[in-house]
Amino acid sequence: MTSERLLDELASGLTPVRSRSAMRDGMAIAGLAAIELLLFLMLGLHRPDLPHAMGEMSFWWKLISLGLLAGVAVVTAVRSFDPSVSPMKGLRWAAWLGGVVLLTGWGIDTTHHADAPLLARLDWQAGMACLGSMVMLSLPLLIALTVLMRRGAPTDRRESALAAGLGAAAWGAFVFFFRCGHDDPLYIVFWYGSGCVLIAFAGRSLLPLVTRW
Amino acid sequence: MADEQADQWGAWMAAAQAGHGGAYRRLLGDIRIWLLRYFARRLPPGQVEDAVQETLIAIHEKRHTYDPARPFRPWLAAVARYKWIDRLRAMGRERSDELPDTIGVEGHESEVTSAVLLRDLIERLKPAQQQAIRLVKLDGFSVEEASAQTGQSPSLIKVNIHRGLKHLAAIVRDTSDEE
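The listed protein sequences correspond, in order, to chains A and B. Going by this note's numbering, the residue at position 158 of the first sequence is 158; the numbering climbs one at a time, nothing skipped. Going by this note's numbering, the residue at position 31 of the second sequence is 31; the numbering climbs one at a time, nothing skipped.
Bound conformation, chain B alone (with noise of 0.2 Å):
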């Protein structure tokens, strides 16, 4: 089933390759879904949506490097893994204080909790990274309250953030993906 929805992704890029506009509408539609799944286990709840789009914008722009005589599944895969680690460095970029409103409302814990492969990818990394990042980027606490929970400085929970970040995205880089 799943083979021949590839085939059909296949079959669908290649005809958006030339042109074909309603091919390709289907195609956007049908990754889209897949997308957020994808973006759903990996990422806080909040970035998913933007992290969607941005890869389908991603995808829009480089379609012309899908080769139609290839499956087109590893593409879609690495072009959606790319996008996951450009998303995790941004996210250790960002000023830790600044949080989305809706990341601490309550009801969004499944939601956070979701981010399962996140979770799972985050006990690789060493135990302060790991307890800054839970914290601040998945359960929505301030670098203050994250600092004042584990008795790191707010200065070391950032730089654990940043550093955990960093090396996650350095492990989703060298581990192969096939979703």
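Extracted from the complex, chain A is given alone in its bound form (with noise of 0.2 Å):
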């Protein structure tokens, strides 16, 4: 087909077509997540101490933690399905806030008077349990997330991809965090850290697959 005639086609059957706007496409997320958040603590899937565990130091560090990184990667990942936007910038914020959050934890930890050897910490049955809620919490916001990076139009789909991916793994984490029991700063990072790793990588495996454009 020569140009001249694609021209006269794309043109002849425009139809209208609503902008993209970043700012609806990220207060649609928000308001999914909290519509997760408020049903899951509706249906009392809580933990039933939580007044009390808000006298943890490590409660209010999961709670910063988790929101600000899911925040940083989810505003990151919405702004990049504009084309002329790149995820990079974002995403180094994300890994710095990430390193940041493991030196905090490791400060926590310092001060958490655990007796247990550090494999009986992690406990491990309890730990996979936790992996499997976060990676199911976190659908959701993936679903959406894709949806919206179809729709949009990333140049650089992996790492859209990567935010989505960590942006939903770390809303996942938060919504959990609400359930789980656990407030050693040990076993958080390493079942937290191994949920939000796990479900980023497998969004940005998986995403650019259905994303192309």
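Among the hints, a few may not be true.
[Stated by the list, open to error] Covered by chain B, according to a simulated footprint, are these stretches of chain A (three or more residues, beta-carbon under 8 Å):
no.: 1; stretch: 11-18
no.: 2; stretch: 81-91
[Unchecked claim] Under the rule of at most 27 Å between Cα atoms (straight-line distance), these lysine-lysine pairs were calculated in the DSSO-like manner:
no.: 3; chain 1: B; residue 1: 158; chain 2: B; residue 2: 62
no.: 4; chain 1: A; residue 1: 89; chain 2: B; residue 2: 158
no.: 5; chain 1: A; residue 1: 89; chain 2: B; residue 2: 166
no.: 6; chain 1: B; residue 1: 158; chain 2: B; residue 2: 126
no.: 7; chain 1: B; residue 1: 62; chain 2: B; residue 2: 126
[Stated by the list, open to error] Derived contacts from chain B toward chain A, CB cut-off under 10 Å, selection only:
no.: 8; residue: 11
no.: 9; residue: 16
no.: 10; residue: 32
no.: 11; residue: 34
no.: 12; residue: 40
no.: 13; residue: 60
no.: 14; residue: 64
no.: 15; residue: 77
no.: 16; residue: 148
no.: 17; residue: 151
no.: 18; residue: 154
no.: 19; residue: 156
no.: 20; residue: 158
Hints listed in this document are in silico derivations from the structure and should not be mistaken for laboratory results. Predicted model only: the values in this text are computed from it and were never measured. Every residue, glycine too, gets a C-beta built ideally from N, C-alpha and C.
Taking the hints as your guide, dock the two standalone chains into a single complex.
Here is the structure:
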């Protein structure tokens, strides 16, 4: 087909479209995330000793770390669905934040009086259950971000997918945190970290396959 | 002048988003010329027209991602660069011994060498990869001919083309590109 004919065809079949807005997409994701969290809490799935846990330093460390990480990663992902916006800066921020979270966790761990050996502190059985729950809780946001990514035009698809995966993972972990009765920083770093890495890299591997344009 | 043109393009795209076919046709006509220039500097001539058409279709399908409140040119350049990287990756996947008949024909040399930016970028690759890509992808030699000229085995030529183009795509992806 000649270019001139192609141009005629594209112009003649033109239909109005609604311009994409990152703000609108972000609000939709925030709404979905809020609904998920509210449902989780309304169904009584949170830990029964929540008021007591709020007195622990690790509680606030988990809350702030996961919330910030989810926010940075989701904003990075949604912004990068615009072809002229790169997700690299946001991912660097997320990596930096991850480092700070680990360091803070290590600092809190030094004040944590754990007598049990390292392997016992990781509590493999409960950890695997935590991992499964985090994956399930990250799915709503991961699916929503995939839909938005397909609708958008990301030009660094793997990095956008990584940001989307990380955002969904951190949010899944954030919601699960209200359920999780473990406050040991080592346990949290290991299992929450594993969950986030697993989901983020699953997103990075799978999302580019369904968002090609 | 370029800024005025870009503003005009942005206004036309905004009108196109509202369903104005006339403005869209004018915009696509102008963009086509811009894209021809863009890809002529970056791709072998046999691929330029295909790349332009692919990009025009992508622009059409993703026109809703343009935000009329922002400048049009960076949006267009980002889409074009994405399609360029796509082409480089596709070149790496293509069988290196199947080349279009026209590529080695006399008189095409000036067109081939017009992929100036591509040649500049190739300078950043390892020498063996540079040689393989130059000979097979830009100068139109067969893999066997390139093998005879360079002393690399035919399979090594193919590997170097594949790896070189993959690396090239990564370089382009990590380099900001303002046309």
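Now for the hints, and whether the structure bears them out:
1. 11-18: holds (count 7)
2. 81-91: Holds, because 4 residues of the stretch 81-91 of chain A bring their Cβ atoms closer than 8 Å to Cβ atoms of chain B.
3. 158(B) with 62(B): violated, 35 Å
4. 89(A) with 158(B): violated, 35 Å
5. 89(A) with 166(B): Satisfied, since the Cα-Cα distance of roughly 23 Å is no more than 27 Å.
6. 158(B) with 126(B): Measuring from Cα to Cα gives roughly 14 Å; hence the hint holds.
7. 62(B) with 126(B): violated, 36 Å
8. 11: This hint is violated: residue 11(B) lies away from chain A, its Cβ roughly 13 Å from the closest one there, beyond 10 Å.
9. 16: holds, 6 Å
10. 32: At 6 Å from the nearest chain A Cβ, residue 32(B) passes the 10 Å test, so the hint holds.
11. 34: Nearest chain A Cβ about 13 Å off; hint violated.
12. 40: violated, 14 Å
13. 60: Since the shortest Cβ distance to chain A is 5 Å, the answer is holds.
14. 64: holds, 4 Å
15. 77: Since chain A brings a Cβ to about 8 Å from residue 77(B), closer than 10 Å, the hint holds.
16. 148: With a closest approach of 38 Å, the residue 148(B) hint is violated.
17. 151: violated, 36 Å
18. 154: Nearest chain A Cβ about 31 Å off; hint violated.
19. 156: Nearest chain A Cβ about 28 Å off; hint violated.
20. 158: violated, 25 Å
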